[in-house]
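Enquirer: Please work from the sequences and hints to get the whole structure.
Protein chains in written order, with this note's numbering: chain A, 1 to 292; chain B, 1 to 132; chain C, 1 to 133.
No lab work stands behind these hints, which were simulated from the structure alone.
These numbers come from a predicted model, not from an experiment.
Ideal Cβ placement from N, Cα and C applies to all residues, glycine included.
Some clues are possibly wrong.
Unchecked claim - Cross-link-like lysine-lysine pairs, in silico, PhoX-like; alpha carbons within 25 angstroms at most:
no., chain 1, residue 1, chain 2, residue 2
1, B, Lys3, A, Lys225
2, B, Lys108, B, Lys132
3, A, Lys49, A, Lys103
4, A, Lys10, A, Lys49
5, B, Lys108, A, Lys225
6, B, Lys108, B, Lys3
What the hints assert, rightly or not - So these bits of chain B aren't anywhere near chain C, every CB distance computed over 12 angstroms:
no., residue
7, Glu5
8, Pro8
9, Asp14
10, Gln20
11, Phe39
12, Glu45
13, Val64
14, Thr68
15, Gly103
16, Val129
17, Lys132
Said to hold, decoys possible - Output of the computed footprint for chain A on chain C, the stretches with three or more beta carbons under 8 angstroms from beta carbons of chain A:
no., stretch
18, 68-75
19, 103-114
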Amino acid sequence: MSMDGAGVLKRTLTEDEAAILDAWNASLQGGTSLQSGRIRMAELQTQAKAVFSQLRNAIVSGGLDADGEHFVPLRESLADISRSRAIQGFTPTDTANFVFSLKEPIFEALRRMSAADDSGFAASVLAAGKILDRLGLQTMEVFLASREEVIGRQGQEIAELSTPVVRLWDGILALPLIGTLDSARTGVVMENLLQAIVDEEAEIAIIDITGVPTVDTLVAQHLLKTVAAARLMGADCIVSGIRPQIAQTMVHLGVELNVVSKATLADAFAVALRRTGRKIVRQQTASTEERR
Amino acid sequence: MTKAETLPIRSGDDVVRVRQRVRTLCIEIGLGLVDQTKFVTAASELARNTLDYGGGGDVRAEVVQTGTRKGLRLTFEDEGPGIADIEQALTDHFTSGGGLGLGLGGAKRLSNEFHIESTPGVGTRVTVVRWK
Amino acid sequence: MDRIPILKLGGALIVTIQVDMQDRLAIALEEDLSAMIARTGARGVLIEISALEIVDSFIGRMLVSIAAVSRVLDAETVVAGMRPAVAITLVELGLELTGIRTALNVERGMAIIQSRIAEEGEGHGGDWDRDES
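Expert: As structure tokens, then:
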């Protein structure tokens, strides 16, 4: 009796489960995922078992279309697995191989099942291959999307980490900027500064750009906007440490009209203290005593 | 996975409702606080334009997705007198009503994508998108 | 229709905006404030907006116009407590709020108004520009 591909596949997956799983586990055991030390065999086996039973359920319940509704639970588990692979730092190959390494065990089992029925064998291999290829590709898509997410988050974390807002005095904040400013980073920095102004009830914020090698027009505009936004909130900004080249950029933009700027952070701090009604006084007695 | 809804803009209260609904949708697609505020403000400007200059209309709000990027698209439509010179209407401080004349230009600056079509005597349609 | 309550404290009028304002409510506030300044002879108007999630060009225009009217009636307007996201958006929108003084919170805002009243009491009236020294 000859069967169609789907029939052979269904019967094989149902009746030959143990052998297929054994072969798959053996293949996973020798694979590079395990050697990388990022995952333990027991975990791999659990995942393999779950994925296999969902694959069998999907196919038995009538689906050969890997994008169809029968495959929803399986696609979701595979997506979860690839997401965790991406976060754990697996290579794309290792991740894809998890699904692709199931091909050989299934093909072998199909050969055993179809015995002399060549056309049934060919049809079932074609069907199984199609499903597994599609699932493998979906795995990769999720893997890449998760990686992008990780990278994006890291970028944001770096932007936040590298720009601390420090409190110089009661009501006086400083934002020492270091390194190249791009528009995205400047945006994050500025939001942090404005939030810090609220949290600390700061009257004056000093933006020190001594450590910034270049300021392009977009970044200069961002700085200006921040100063304007701070003013709307009731705080004043002083920009300090502007290099000569940067000063030129800013002058070309007409910046010098709207921003109070000082050569150094120390100068800016002195202005801030004076504006908040404070004065720095040298302790005369102490210094004369030292001289003796 | 696009979902769309249409809200009427017939009164001042409707403008408030549009703002609140756009805020909720911005949060749903995961926009940060500043981006939310920018886009809600843009929506407020455009909703008021629809009401004041277009004589009322409605707004269609859709969550859109390209690849991994999610966004919110708003389409404001009215059947009012239309705008003869769009270029001029987009210039800051141009106004035919009583505003500061920042409505259209401001909404454009607060959105990632901005598109306007208008036919005098037929109506105006403004589309804005903000991507996450 | 609802109206936003205006409090009088010393020589100042205080308004806290806590709702997402409909345009008509904003217009009513502007009218009420002008009438109240004239009636009470207040020297300062403090508008507290820390609850406002957005300020669009309409509300911005209302603030500018309240400040302008107040100035004519010899009162200074201070807007206090604007949120960072709102401030960033206003700047992007291109709204400058000319003629309005700003303060981080009600306390600072009141201090600005009080010092103006005190200074005028001592006979040092005149322009009240920010000290840029």
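Enquirer: Next, verify each hint and record whether it holds.
Expert: Hint check results:
1. A hinted pair counts as satisfied when its Cα atoms are at most 25 angstroms apart, and Lys3/B with Lys225/A does not qualify at roughly 35 angstroms.
2. Simply put, Lys108/B and Lys132/B have alpha-carbon atoms about 16 angstroms apart, close enough for the 25 angstroms limit, and the pair holds.
3. For the hint linking Lys49/A to Lys103/A, the alpha-carbon distance of about 15 angstroms falls within 25 angstroms, and the restraint holds.
4. Restraint check for Lys10/A and Lys49/A: satisfied, since their Cα atoms lie roughly 17 angstroms apart, inside the 25 angstroms limit.
5. Proximity of Lys108/B to Lys225/A is assessed by CA-CA distance (about 17 angstroms); at most 25 angstroms being required, the pair is judged to hold.
6. As the CA atoms of Lys108/B and Lys3/B are separated by approximately 23 angstroms, the hinted pair is consistent with the 25 angstroms bound.
7. At roughly 19 angstroms from the closest C-beta of chain C, the C-beta of Glu5/B stays outside 12 angstroms, upholding its exclusion from the interface.
8. Taking the minimum C-beta to C-beta distance to chain C, about 15 angstroms, the non-interface status of Pro8/B holds against the 12 angstroms cut.
9. Taking the minimum C-beta to C-beta distance to chain C, about 10 angstroms, the non-interface status of Asp14/B is violated against the 12 angstroms cut.
10. Once the 12 angstroms rule is applied to beta carbons, Gln20/B is inconsistent with being away from chain C; the minimum gap is 7 angstroms.
11. Residue-level check failed: Phe39/B sits 9 angstroms from the nearest beta carbon of chain C, not beyond 12 angstroms.
12. The Cβ of Glu45/B does not lie farther than 12 angstroms from every Cβ of chain C; its closest approach is about 6 angstroms, which violates its non-interface assignment.
13. Distance check for Val64/B against chain C: the nearest CB is about 22 angstroms away, which clears 12 angstroms, and the non-interface claim stands.
14. Every CB of chain C is more than 12 angstroms from the CB of Thr68/B (nearest about 25 angstroms), matching its label as outside the interface.
15. With 12 angstroms as the threshold on Cβ separation, the claim that Gly103/B sits away from chain C is violated: the shortest Cβ distance comes to roughly 6 angstroms.
16. In this structure Val129/B is separated from chain C by more than 12 angstroms, as the shortest Cβ-Cβ distance comes to about 16 angstroms.
17. With a minimum CB-CB distance of about 16 angstroms to chain C, Lys132/B clears the 12 angstroms threshold, and the non-interface call stands.
18. Counting residues of the stretch 68-75 of chain C whose C-beta lies closer than 8 angstroms to any C-beta of chain A gives 0; at least three are required, and the coverage claim is violated.
19. For the stretch 103-114 of chain C, the proposed coverage by chain A is satisfied: 5 residues have a C-beta within less than 8 angstroms of a C-beta in that chain, meeting the threshold of three.
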